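Undergrad: Here are the chains, one letter per residue:
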Amino acid sequence: MTTSATPPGMVEISIDGKSVRVPARTTVFDAARMNGISIPILCHLQNQTPVGVCRLCVVDTGARVLSASCVRPVEPGMKVVTNSGKVLNARKTLLELLMSDHPSPCARQEKSGDCELESLAKSAGITQPRFVKRAVTRGEDDSSLAIAVDHDACILCDRCIRGCDEVKNNFVLGRMGKGYSAGIAFDLNAPMGDSTCISCGECMVSCPTGALTNKGLAGTVIAAGTNAEIFEAEELLRIPVFKGVSGTFLELNRGAIVKRRLHKGEVICREGEFGSTAFYIVEGRARVSISSPIAHVKTEGGAKGFFKKLTSALVGRDEDKREDEARDRTIPIDASVDLSYGNPVAELGPGDLFGEMTCMNFYPRSATVVAESDAVVYEMLRNVLDIMFKNKTFRAQLDETYRRRALENHLRGVPMFADLSPEFIEHLKAGIELQRFAPGQTIVQQGDAADSFYLVRIGFVKVSESYPGGEMVLAYLSRGDYFGEIGLLGGGIRTATCTALDHVELVRISGDDFRDMVARFPSVRAGLEVIAAERSAANQQRLQMVHSVPIDQFLSQGLMEAQSLLILDLQNCTRCDACVNACADAHDGITRLVRDGLRFDRYLVATSCRQCRDPLCMVGCPVGSIRRRNSLEVIIEDWCIGCGLCARNCPYGNINLHPFEVLADDAENAGRKKAVIKQKATSCDLCTHLKEPSCVYACPHDAAHRVDPKQFFAEMLGQGSAK
Amino acid sequence: MRIDRTHRAWAIASLAILAISFLVYVIYALKTPQGPRGGSAIGLLFGIIGFCFMIFAALLGARKRVPTWRLGRAQAWMRGHLWLGLLALPMILFHGGFHFGGTLTRVLMWLLIVTVASGIFGAALQHYLPSVMTSDVPLETIYDEIGHVRSLLWEEADRAVEAVSENLGFTKSTVEETQRAGGFTALRPIAATAVPLRTSAAVSAGASAAVAAAPQIILLSKEQSAPLRSFYFNEMRPFLERPKRGTRLADVAASSSTFAGLRTLLPAAVHATLNDLEDICDEARQLARQEQLHRWLHGWLLVHIPLSLALILLGAVHAVMALRY
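Protein sequences, first through last, are from chains C and W. Letter by letter, the first sequence follows residues 1 to 723 in this note's numbering. Letter by letter, the second sequence follows residues 1001 to 1325 in this note's numbering.
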């Protein structure tokens, strides 16, 4: 039953006599998993949609028949029994039936001894099935160069089909035939080698038996240097962090992971470089740093000398500081630690993983890592890291490192959480759950019950809202951002859909902990309520725009998404370039606007940052240096490493890279610094240090204006009030 | 700067100053038996006010050199320049009692008249021409980039013609795929092979349809392509390199009829290429128009600024000499 104490959107059930509370619509299998109760599975993979075809996960819910727990949603007051004699007997019978239709040992069991069906049968004590083996053979398919297909070993669990369709979106595999001849088929039952299969291997890795196995002809190899050793599958399986990884997979990916022995001072990776591998430290220590974040991406105040001071006074420069800069800042990097802004150096040791975002999302390296002592690291490609993340032991170890080293900083990095007591932080540390999402995966769905609050740890999350006829992107969230508070503080229903844009990791704070937190810390509640109200109001306003803006051109030029446009009234503008000169004068001689762009009516939308509501430029920044503070403008922080991703992402060409002179470590003289030229991204900062954009201030012809487009063009768009 | 309703306050204030000054001058002229003179107290006052107005007007140039200094919005300075600069003329006329005096004062007076006249002329140009440029040049680009855009245009035209006939023998830029003309699209690299090259202005004006890849076309024989090659070598290429008024392609109607004539001489399969060439000519014509308008918009300053400086300098000399001697 749902007791009076059960929060909205949550359901209370009992599993094996243990009372548990889970979000509505959770499956019985997930409810049990979340509460540490194990139910055997065969056709179910946690990264695929459950289908409940093998029935091996049956449980007793008190209904007339046993239910497949992977597809059965929880109901209030449900009493689930996972291990009664009736349930165990049913599972054993199912295993016997499956084994009667399966050659034993199959190819996988022979090669790596990890056929899931045969392992389950062995653990259930089944040696010789009672049932007669099938007389009809479905044959083998040896046409593919990479993958061997044994149709007789297939148990029709559909994991390969879902892997091909849902995970890789290749849509090559399907079901074919009826009765005893039913099996998987490639395209319209073509031989695998002749089909449109691209041999990605997802079906083989998904297969629980020896129906799809590696022929050992295809593989991936990291370009190995002199210090790299390639592992064999058996050797890898002996390493604790690879415990539980499929032998088929490791065999297929021989060469996708190498062991590197590094000497003290050797560079493991450099900031700004592109790569595709992650590193796991086994022995030794490494120093992670970013080179001198102190550089003039923005024009600083603080003039020295009489004339400079006089000039500064005339210019009216303020200190370029915002409210949230008073507290210590940290720079997020692609490792289990954050770097301090003042001293961007940290140490990594055995058990630390770094380069995860580069490996999973192909973002540039966010920092330079140098061996601090002689060290041994595993360097791995994305497919290896991906499979390792499915390993609960490895995940637990990484999560523990994160909890210990970075979670507190991460929580404290959220302005509202600054007042949390150390005790409560400790309490949260123990209670939080780290969750991973694949690109495109829905994290929360609009209209669902709100049961958790999320902090973004890695990757980018798209927040969107459905409206009749379409979807509106409300925001992109990156590391340090959070979501879920509106639903928890409001009516308990999700008001927007959040989707992983790339490989995303989230810190999930349960609804209970969240409610406890806001009850105990009124300042946290007040802060969150303000933010929630602001977000709701902004979202409403944006959706109203969608309904009221009739002009295609306005939409096609993305003007609706802009918060602040630099427009030039072409009937006033004499093309004197005073705006461009003023911009250059305000930014160390480098202009951040180009007097060219798209025209809307008699206005030129100049090439200058639009402060988009939907800032695509922020997606992918490896060090989080392009971001919003608590103001509308998109700013580029001093620690930009100049990788240029934001410039490529900006659809309007409003971000440019310029060389700046910075101090960096001198490789030839240890301990000394030397001036080097580094690229850094620049975009319009609205001259926040000058009270008003210089381009507007310096326009002698009343042509340049910084405007909110929806207000400025309101009359033109038929919305009544004019600018 | 457009002289519109937003200038009302300045206009009223200027008229008030003029009216009061005129009233003072009339009273002063009537009450002075020997007539108004620059050396009298009232005459000197008019002279000082007029010279101050001139100095303020001249300071606009200095103000523009320090655009980020918070010395008041540049727009206010410009309005002050226009209206106070205009008022300087009656003030100086009141100062001299409508007499031009000796050589230096005569020169000064004519300098002032020509400077104010050139300013009025410039203000009129800057009032009207931006609208004309906006309507006449939808493919406007940055003025300094016109030469580069023009070279890209003829390279694009070369490629279009070569695509249907044979090689024209012109050398081509090798950097076109990495850098486009200045301005909006210049910020992004565009592969030359992906789309026919168009200028930034075309894209700026939303002419993205014109950028679409050309449909499949045939290669014409030498005889078939002769009219096109002849037209291209003799008329279009020279026009693209150096657009001259008086040529057929410089005129919209004549250009249109020229291309219509070409269409009758060439097979339908190359009409898409002709459309592209016509668009290129249109853009080249617009660029020429932009150059012409730009020269009008800013060319008058070549007269106005040196005269203003001479006026201030000689005015100072006159003031020192008059007060000292």
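Be careful, since some hints might not be right.
Coverage of chain C stretches by chain W, computed from C-beta distances (three or more under 8 Å per stretch; other residues unrestricted) [as the list claims (entries may be wrong)]:
(1) 565 to 579
(2) 594 to 607
(3) 694 to 701
What follows is a set of in silico ranges between Cβ atoms, one per label pair, in the way DEER data are often shown [stated by the list, open to error]:
(4) Ala538/C to Ala1117/W: 23 to 31 Å
(5) Glu633/C to Asp1136/W: 33 to 41 Å
(6) Gln540/C to Ala1253/W: 38 to 46 Å
Derived contacts from chain C toward chain W, CB cut-off under 8 Å, selection only [claimed, not checked]:
(7) Ala582
(8) Asp585
(9) Ala586
(10) Ile590
No lab work stands behind these hints, which were simulated from the structure alone. Computed from a prediction, not measured in an experiment: that's the story for all the values here. C-beta atoms are modelled at their ideal positions from N, C-alpha and C, and glycine is treated no differently.
Undergrad: Indicate, hint by hint, whether the structure satisfies it.
TA: Do the hints match the structure? See the list:
no.: 1; hint: 565 to 579; result: holds (count 8)
no.: 2; hint: 594 to 607; result: holds (count 8)
no.: 3; hint: 694 to 701; result: holds (count 6)
no.: 4; hint: Ala538/C to Ala1117/W: 23 to 31 Å; result: violated, 54 Å
no.: 5; hint: Glu633/C to Asp1136/W: 33 to 41 Å; result: holds, 36 Å
no.: 6; hint: Gln540/C to Ala1253/W: 38 to 46 Å; result: violated, 54 Å
no.: 7; hint: Ala582; result: holds, 4 Å
no.: 8; hint: Asp585; result: holds, 5 Å
no.: 9; hint: Ala586; result: holds, 5 Å
no.: 10; hint: Ile590; result: violated, 14 Å
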